[in-house]
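Q: Read top to bottom, the protein sequences are chains C and V. The letter at position 369 of the first sequence is residue 369 when you use my numbering, and the numbering goes up by one with no holes. The letter at position 95 of the second sequence is residue 95 when you use my numbering, and the numbering goes up by one with no holes.
A couple of the hints might just be wrong.
With a straight-line Cα cutoff of 30 Å, these simulated BS3-like cross-link-like pairs (lysine-lysine) come out [to be verified]:
id	chain 1	residue 1	chain 2	residue 2
1	C	Lys408	C	Lys418
2	C	Lys329	V	Lys35
3	V	Lys113	C	Lys408
4	C	Lys407	C	Lys418
5	C	Lys383	C	Lys52
6	V	Lys113	C	Lys447
7	V	Lys113	C	Lys418
8	C	Lys407	V	Lys113
Partial chain V-side listing against chain C, Cβ under 8 Å, derived [unchecked claim]:
id	residue
9	Gly10
10	Gln15
11	Gly54
12	Ile211
Quick caveat, the hints were computed from the structure, so don't treat them as lab data. Note that the Cβ used here is the ideal one computed from N, Cα and C, for glycine as well.
Each chain is listed here by its residues.
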Amino acid sequence: MSERPPVTVRTAEEHGLTAEEWEKIVSILGRPPTFEELGVFSAMWSEHCSYKSSRAHLKSLPTSALHVIQGPGENAGAVDIGDGLAAVFKIESHNHPSFIEPYQGAATGVGGILRDVFTMGARPIANLNSLRFGAIDHPRTPQLVKGVVAGIGGYGNCVGVATVGGEVYFDAGYDQNILVNAFTLGIARHERIFRAAASGVGNPVIYVGSRTGRDGIHGASMASAEFAEDSEEKRPTVQVGDPFTEKLLLEACLELMESDCLVAIQDMGAAGLTSSSVEMAGRGGLGIEIDLDRVPQREEGMSAYEILLSESQERMLLVAQAGREPDVKRIFDKWDLQAAVIGRVTDDGLFRARWHGEEAVRIPVQPVSMQAPLYRRPAEEPKNLNEMQELSLASLPEPRDCEEALKKLLGSPNLCSKRWVYEQYDSLVRGHTVIGPGSDAAVLRIKGSARGLAVTVDCNSRYCLLDPYVGAVIAVCEASRNLAVSGARPLGLSDCLNFGNPEKPPVMWQFQQAIAGIRDACLSLAIPVVSGNVSFYNDTDGRSIPPTPTIAMVGLIDDVSRCLAQGFRRAGDVIVLLGRSREELGGSEFLATIHGQVRGTPPWIDLGLEKRVQGFVRAAAADGWLRSAHDVSEGGVAVALAECCLASPDRLGARVDLEPSMRSDALLFGESQSRVLLSVDRQQWPRLRDRAQRDGVPAEAIGEVGSPHLEIGDWIDVPLDELAAIWDGALERALRVVA
Amino acid sequence: MKWGVLVFPGSNDDQDALWALSSVHRQEAIPLWHKDPDLRGVDAVVVPGGFSYGDYLRCGAMARFSPVMQSVRAFAAAGGIVLGMCNGFQILCEAGLLPGALVRNRSLTFVCKRVWLRVENDRTALTRCCREGERLQIPIKHGEGCYFADESTLRDLEARGQVLFRYVDAAGEATPEANPNGALRSIAGVMNASGNVFGMMPHPEHAVEAIVGGEDGRKLFQSLIEELEERAARGGGSRRRTTGRAT
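Taking the hints into account, I'd like the entire structure generated from these sequences.
A: Structure, rendered in structure tokens:
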């Protein structure tokens, strides 16, 4: 080998490794690593790949249930959905690249999560995403929003997978670190779920998909460090997506999986060829040797180091049955894709890579994962938490004009219609979409079955900032509630844990609290965690994002024709409010938008009541007793009522009376949990009321559907057209989009 | 009747077209791979939506060179029914089988939503089950769906009744606000002068079932089915079949 730089502890530190980690590498190898080997360790032991700060805590999450086919640890999780089918899904972050280069960062985020799902043998049927941007009036925000949305659409539309839902929030806490969390749901037959464990000594290791280029080298390491002022200079570490090749790769891989040549398959994601080889060998308890000269390359003069660590997109590594190489090649030829045998499975437990006839890498596989660093980092409650949690309602003036407050809320960036965003996504392709974007949950039919799946992504990071434990409990509950109001029972969740720098004790404390919250809510509602992702180091110049444990949840509807949407359906129907309202405004959208304050404690949550409310809604929906259902969340009952009217196919208004049992602002805009708005046929209401009483669910008739206005007591009486005009175009106006 | 749905690398709505024809309309429908010039004796050809060849050069510009398109050209020349939807419409324009071109949406962004169409001519094979002036609600989803042609072409299209659909509002008026992509004269779909090749940006195959987006698109497929059955009864079908290598 020529020009191999000397490798010392200093080189290791430049690669983001610590002196102790360097010592560990030397002890594993019994010698100092080569430059290439150091690259392998730095990628595999990056926070992004090794979960070294989070692993110890993630173990406490409940991951099993009878219907779980695949829990965490594979490319994606899988749950049984009946008829011999499985729902395969995962959510993943692509935060750092999206801030540096919003279009490509978001696009490749979609590409990566799609590969995680179809690697398992599943046909992707839906994408969702959870997006957080800085304050809408921050100078960078409009460009970031436009770039990210165009990137998600550009990739997902071209690859032919429907984008059916998601969430978009704006908060100054994300000014320098936006969040792009991408989720994919696929469907696979049970017996055709593929895993990434190499087996069969002598089986060929085959590289398929795009050629390897110099893009994305050290992406995993970038995602494992804070941003500083030089983040612009990191643009070359962002990969470039090619959705057309992804589409071909998707079709070719699914076709290959229908044959019996395939043993194991793994996406080349973070840390590329290195991590896919090491992980496949590690899961199978075997070794892999590859010849880097045989890797299809996009340009001449690439080094072994670059080939090993390139994060070029749209590539897969697979292990095939020996002797079936021509069959694999034939399928990839059909789709005009590369397929090159680059190595074989060995029994020596080593990852070996040859380059120009010399061995550039020789690493024992097991220690890379088994002896990967594991940190129990110190945690400490943030010093300003008590101060932030203080909120005295007495010192907060009640609004003089609640109607004005409602209009302001409906026109605010977080509550206004996201139509401008989701109309840029193909939400229809492949014909599964029963309920698309803009609803509590998306609903997808399963072709050839009466069943359907409901999917949602949720997190209120303001609650999490004020109390990460309660915030995480609420994130799980709200996701589950969004499924319930669609008529679905939750089967499992995938979490995307976005936090700041874990080396800071207050961030670690937030992380631990959030994990505990997810765990407790999952145990209470009997929902397993089947996949997930941790994104740390969402910090810039020492400032961390609000803790954002995004929850993506999938549920099953036995009869999809009975699924529910939020819009009112028929004039004369009774409007019912389920759950208990408390006088609380802590962490509310009202407090932030009207008073410019983020403080107090998040709403109270009673997991027992939550469970009863959700069970009640699901059962009533399954029996066909309900016309519509909507979760009461940000903006409280008043905003939820407005949403039911605005989502009504016939733009039906409502006349509502609320018992003035508390301050008007808490009554109208408070965000008490475990509440749902229903509309039911008048004849049906007495029966529903009795059932609610029997089930221990508070239920109150608060009004009637039908009026060109939304009227709430003496506080609000506004024509729907006026509300619609405020709500519908607010985002375009705020982003200064010229039509 | 037997339908062929072309499959290019990057076709996405091919499965939806096959589903609409076979599962909803109970037709025999088969995929036709782009590398194979054999049309397998189909009675009608559907050019589906998607991003053929990634649409990296210009929408539809690559697909027209594929082997299957050479056969489709001959099939169309012999009077065979060809329907292009979205990317299929773009491909048929690029191939010279339909007049005009589809350019970037006025908004410069992709747009996916349900729109109203007004049927402008009900005396065509695609619209014979509709009434002139009837409104259909059908989704669009495209980034380059702005129909464009020079003034004299537009005049000829109008004069010969080749404009099939216009984007309209709920009241049936072709207003600028109801035009989702800036198409000239709000044109959403056209046919060739012989009345056997049809192109439209909206996706009728995504409007054939009440549970997923409505049923207004069924009228268009039903129209073509009736047309094909009538032709078969007249004995006109066999002539076209000879243009592909029958299997």
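Q: Hinted pair, alpha-carbon criterion (30 Å max): Lys329/C, Lys35/V. Please report holds or violated.
A: Between Lys329/C and Lys35/V the Cα gap is close to 17 Å, so the pair holds against 30 Å.
Q: What's the verdict on Lys113/V and Lys418/C, does the C-alpha distance respect the 30 Å limit or exceed it?
A: 13 Å, holds
Q: With the threshold set at 30 Å, check whether the alpha-carbon distance from Lys113/V to Lys447/C stays at or below it.
A: The given pair, whose Cα atoms are some 22 Å apart, holds under the 30 Å limit.
Q: Does Lys113/V sit within 30 Å of Lys407/C, going by the straight-line distance between their CA atoms?
A: 26 Å, holds
Q: Would the hint on Gly54/V be counted as holding, given a Cβ-Cβ threshold of 8 Å to chain C?
A: 3 Å, holds
Q: Tell me if the straight-line CA distance from Lys407/C to Lys418/C falls inside 30 Å.
A: 16 Å, holds
Q: Checking hints one by one. Is Gly10/V an interface residue toward chain C, by the C-beta closer than 8 Å rule?
A: 5 Å, holds
Q: Compare the distance between the alpha carbons of Lys408/C and Lys418/C with 30 Å, and conclude whether the hinted pair is satisfied.
A: 16 Å, holds
Q: Can Ile211/V be said to touch chain C, with a Cβ gap under 8 Å?
A: It holds, given that the least Cβ distance between Ile211/V and chain C is near 6 Å, below 8 Å.
Q: Would the hint linking Lys113/V and Lys408/C be met if the CA-CA limit is 30 Å?
A: 27 Å, holds
Q: Starting from Lys383/C, check that the Cα of Lys52/C is at most 30 Å away, please.
A: Holds, at about 25 Å.
Q: Let's test the interface hint: is any C-beta of chain C closer than 8 Å to that of Gln15/V?
A: With a minimum Cβ separation of about 6 Å from chain C (threshold 8 Å), the hint on Gln15/V holds.
Going down the numbered hints, you'll see the structure goes against none, and every one checks out.
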